[in-house]
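Peer 1: Construct the complete structure from the given sequences, taking the supplied hints into account.
Counting in the numbering used here, the sequence shown runs from 332 upward without gaps.
Treat the hints with caution; some may be incorrect.
As the list claims (entries may be wrong) - Distance ranges between label pairs, derived from CB positions:
1. Phe-538 x Gly-498: 33 to 39 Å
2. Lys-438 x Lys-369: 42 to 48 Å
3. Ala-432 x Asp-486: 41 to 47 Å
4. Glu-404 x Lys-556: 32 to 38 Å
5. Pro-435 x Gly-484: 27 to 33 Å
6. Gly-484 x Lys-438: 26 to 32 Å
7. Ser-527 x Glu-405: 40 to 46 Å
8. His-450 x Trp-511: 43 to 49 Å
Just so you know, the hints here were simulated from the structure itself, not pulled from any lab data. Each residue gets a CB set at the ideal place from its N, CA and C atoms; glycine is no exception.
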Amino acid sequence: MTDKRSILSGKWNNERSFPARNSAARGRAELTGDHTAKIKTVIFDLDGTLVRYHGVEFESSWGAIGVAAGVGEEWDRLLAAYINKPLLYSEWMAKSARLLAGIPLSKVTEKIFPPPYAHGAAAAIKELKGKYQLGILSSGVDLVAERVKTELGLDFTVANRLYISDGHFTGETETVVDLWKKDQVLKQLATEKNLSLPEVCFIGDHFNDIAVMGSVGASIAYNPKDERLVEIADMVTTDFREVSKMVEMLAKRSERQEEVCPRKKEDNNETQNRRAPVCLIGTGRRCTVIVQGRR
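Peer 2: As structure tokens, then:
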């Protein structure tokens with residue numbers, strides 16, 4: 332049997348079991364009630380998931396804007412000072428935004444656009460369009476989120492705002508999605524758009540996505556940066572091209588539970604011809620798939 336590959340460590344080991352589901356996963360089961368709710372909406376994180384700005388912390392749109400504006404060092408100092416102070420998130424945002432005051436928008440956009448999409452993201456979105464309502468929920472910046480929404484043809488986006496006037500950053504911002512309260516914003520979004528959380532599938536990559544994954548009916552961890560996502564997500568992949576297939580599998584679990592957690596069949600031509608995941612294991616109604624990314 333193929334050994335399981337740890338996405339986080341990149342090391343091979345002989346473990347055949349997966350970490351036990353944590354309290355967030357148990358809470359999700361209690362929240363959803365109907366364990367076979369049909370997926371109708373797919374929501375994506377932005378930074379580190381749909382787009383990946385390499386060379387900045389969290390591959391984030393915030394960091395990319397800071398570097399493009401020429402205030403990257405100051406930006407990093409604020410990040411170090413505030414990252415462990417969740418109650419001061421709005422203060423952190425406000426100080427970061429003030430660094431941009433008076434800087435031409437064009438100076439930034441010429442460096443951050445076109446957005447550096449995760450490989451396979453556009454293709455995955457194309458396969459999902461028309462089947463599900465698609466959107467973004469991010470603590471990133473609306474400047475990037477709105478561009479991605481337009482280019483990929485998504486239905487909605489919710490992100491933090493940077494204000495611009497006469498082609499220049501004003502130095503003002505609005506906290507729409509607190510880094511530490513993303514799940515609360517999701518619940519507000521669900522109320523505004525009449526979404527049923529058990530019918531939502533969320534795709535994210537970092538620690539601030541954990542609570543969101545614990546609030547929805549299904550979740551996929553893409554290239555996870557935190558081990559806890561591997562523990563809680565229904566499926567895990569390092570290859571965005573697999574995301575649309577995973578959503579379809581999760582969407583069908585109410586019809587064919589076996590598709591979510593199939594049993595291994597030896598000498599099966601169909602199985603052999605399919606590019607198999609490194610590890611496929613299921614626990615109850617939940618199933619975790621780790622797919623080795625194609626680089």
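Peer 1: If a hint holds in the structure, say so; if it doesn't, say that too.
Peer 2: Quick rundown of the hints versus the structure:
no.	hint	in the structure
1	Phe-538 x Gly-498: 33 to 39 Å	holds, 36 Å
2	Lys-438 x Lys-369: 42 to 48 Å	holds, 46 Å
3	Ala-432 x Asp-486: 41 to 47 Å	violated, 33 Å
4	Glu-404 x Lys-556: 32 to 38 Å	violated, 23 Å
5	Pro-435 x Gly-484: 27 to 33 Å	holds, 29 Å
6	Gly-484 x Lys-438: 26 to 32 Å	holds, 28 Å
7	Ser-527 x Glu-405: 40 to 46 Å	holds, 43 Å
8	His-450 x Trp-511: 43 to 49 Å	violated, 29 Å
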